[in-house]
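For chain A, the structure is supplied; the task is to place chain B on it using the hints.
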Amino acid sequence: MPRVPEDLRAGVRATLPLWLGLIPFGLVAGIAAVDAGLTPAQAVGLSAIVFAGSAQLAALDLLASDASLAVVVLTATVINLRMSMYSASIAPHFAAFRRRWRAFGAFLLTDMSYALAIAEFADREEPRSSGSRPQADDGPAETPNGDAQSGDDTADGSPSGTDTVGSTRRWRYYFGAAITMWAVWIVTTAGGVVVGTSVPEGWGVDFAVPLVFLALLVPELTDRPQWLAALVGGSVAVAGAGWPLNLGLVGGALAGVAAGVVAERRAA
Amino acid sequence: MTTTYGPLSIWAVVGVVGVLTFCIRYSFIYLFGRIDGMPPRIEGALRYVPAAVLAALVGPAFVDPGSTVTATLVDDRLAAGVVAAAVAWYTEDMFATLAAGMLVLWTVGGLL
Numbered sequence: 000m001p002r003v004p005e006d007l008r009a010g011v012r013a014t015l016p017l018w019l020g021l022i023p024f025g026l027v028a029g030i031a032a033v034d035a036g037l038t039p040a041q042a043v044g045l046s047a048i049v050f051a052g053s054a055q056l057a058a059l060d061l062l063a064s065d066a067s068l069a070v071v072v073l074t075a076t077v078i079n080l081r082m083s084m085y086s087a088s089i090a091p092h093f094a095a096f097r098r099r100w101r102a103f104g105a106f107l108l109t110d111m112s113y114a115l116a117i118a119e120f121a122d123r124e125e126p127r128s129s130g131s132r133p134q135a136d137d138g139p140a141e142t143p144n145g146d147a148q149s150g151d152d153t154a155d156g157s158p159s160g161t162d163t164v165g166s167t168r169r170w171r172y173y174f175g176a177a178i179t180m181w182a183v184w185i186v187t188t189a190g191g192v193v194v195g196t197s198v199p200e201g202w203g204v205d206f207a208v209p210l211v212f213l214a215l216l217v218p219e220l221t222d223r224p225q226w227l228a229a230l231v232g233g234s235v236a237v238a239g240a241g242w243p244l245n246l247g248l249v250g251g252a253l254a255g256v257a258a259g260v261v262a263e264r265r266a267a
Numbered sequence: 000m001t002t003t004y005g006p007l008s009i010w011a012v013v014g015v016v017g018v019l020t021f022c023i024r025y026s027f028i029y030l031f032g033r034i035d036g037m038p039p040r041i042e043g044a045l046r047y048v049p050a051a052v053l054a055a056l057v058g059p060a061f062v063d064p065g066s067t068v069t070a071t072l073v074d075d076r077l078a079a080g081v082v083a084a085a086v087a088w089y090t091e092d093m094f095a096t097l098a099a100g101m102l103v104l105w106t107v108g109g110l111l
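Which chain is which? The protein sequence lines are A and B, in order.
Heads up, the first sequence stops at 267 in numbering that gives the first Met the number 0, and the numbers go up one at a time, no gaps.
Heads up, the second sequence stops at 111 in numbering that gives the first Met the number 0, and the numbers go up one at a time, no gaps.
Bound-form chain A, shown alone (with noise of 0.2 Å):
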């Protein structure tokens, strides 16, 4: 019975907390898609193969109303457009996986699994730097970067020590938490479709998902540019909440980056 690796299961129990704001956000999607008019198939399809809430909720809103299909693509589109910060913060880590993996991962790629592998990541190890040269490929590790944790399991074989363990144990934390959310994202849309109208609104479980980014976030914080990044993306991502296609969090998270970059240069 070959054993699960460790880096796989730490990365699925990483996703754990979230399932409670996870669990009713799938069942409201899928009670949203058949309420818009969707049949089952057409309602898992949606979050199955989007894989971004915010965006399903606002496209099914439209398509209630009969809004133009472009309307319907391009505010979906938008909203989803913060995904691209994750994209490119993520992708360093990114650079020693394979192809096809890259390409997987990023299919995975949400708020969640963004955050979750971001802080994770930032823990053990350094990304690598604009000197290295990345591999599209698994050929020959570059120079290595010393993982700190060792004992670990290292069963595919790879010298440790090398960035290409690093980089297998960060896919599979990645790859474990990405796909178990994606996995709950499509059953709990379905269990909706079957629930109907019938669930709770109460308890506001749905505040564990902040809560959980909000746990994520204080160990950022371990510099003042960081501090002033944070309060100017929150600041005004809270001005603009009342603004339409998630602007206000995409506005918030440039401004965030402006205010760390200049803080930084001010600093040096």
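Just so you know, the hints here were simulated from the structure itself, not pulled from any lab data.
Among the hints, erroneous ones may be present.
[What the hints assert, rightly or not] Covered by chain B, according to a simulated footprint, are these stretches of chain A (three or more residues, beta-carbon under 8 Å):
no., segment
1, 19-30
2, 51-63
3, 87-99
4, 211-220
5, 228-236
6, 258-264
For glycine and all other residues, C-beta sits at the position ideal for the given N, C-alpha and C.
Below, chain B alone, put in the same frame as chain A:
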């Protein structure tokens, strides 16, 4: 209110949004695999993305600007956030943070 669009239109939307969203997600991951590392300026800026994005995601969930300052500050979610942040800072424990936040949310929410 339900849509009058037929299955072809629905699946077309699902497909197109899916493809476009994948392109967004894959954009930099694909690019970074092809070029020889990122320009140092961009990489420097990327350092702040996690904190900025997480704060932008988190901010509106805890701070709900009301018509008065008091209304804004005396809020169950804000209280929960402050306590949860403190717990996160000192314990660095995800479940402790969650528990603390939810507890404060329920008690303060019940009191207000």
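Evaluated hints:
1. Coverage of a stretch by a chain is defined here by at least three residues with a beta carbon nearer than 8 Å to that chain's beta carbons; for the segment 19-30 of chain A and chain B the count is 1, and the condition is violated.
2. Check result for the segment 51-63 of chain A against chain B: holds, 5 residues qualifying (beta carbon to beta carbon below 8 Å, three or more required).
3. Counting residues of the segment 87-99 of chain A whose CB falls under 8 Å from any CB of chain B gives 8; the rule of at least 3 is met.
4. With a threshold of 8 Å between beta carbons, the proposed coverage of the segment 211-220 of chain A by chain B holds, since 10 of its residues qualify and at least three are required.
5. Closer than 8 Å: that is the beta-carbon criterion, and the segment 228-236 of chain A has 9 residues meeting it against chain B, so the requirement of 3 holds.
6. Requiring three or more residues with a Cβ within less than 8 Å of a Cβ of chain B, the coverage given for the segment 258-264 of chain A holds, as 4 such residues are present.
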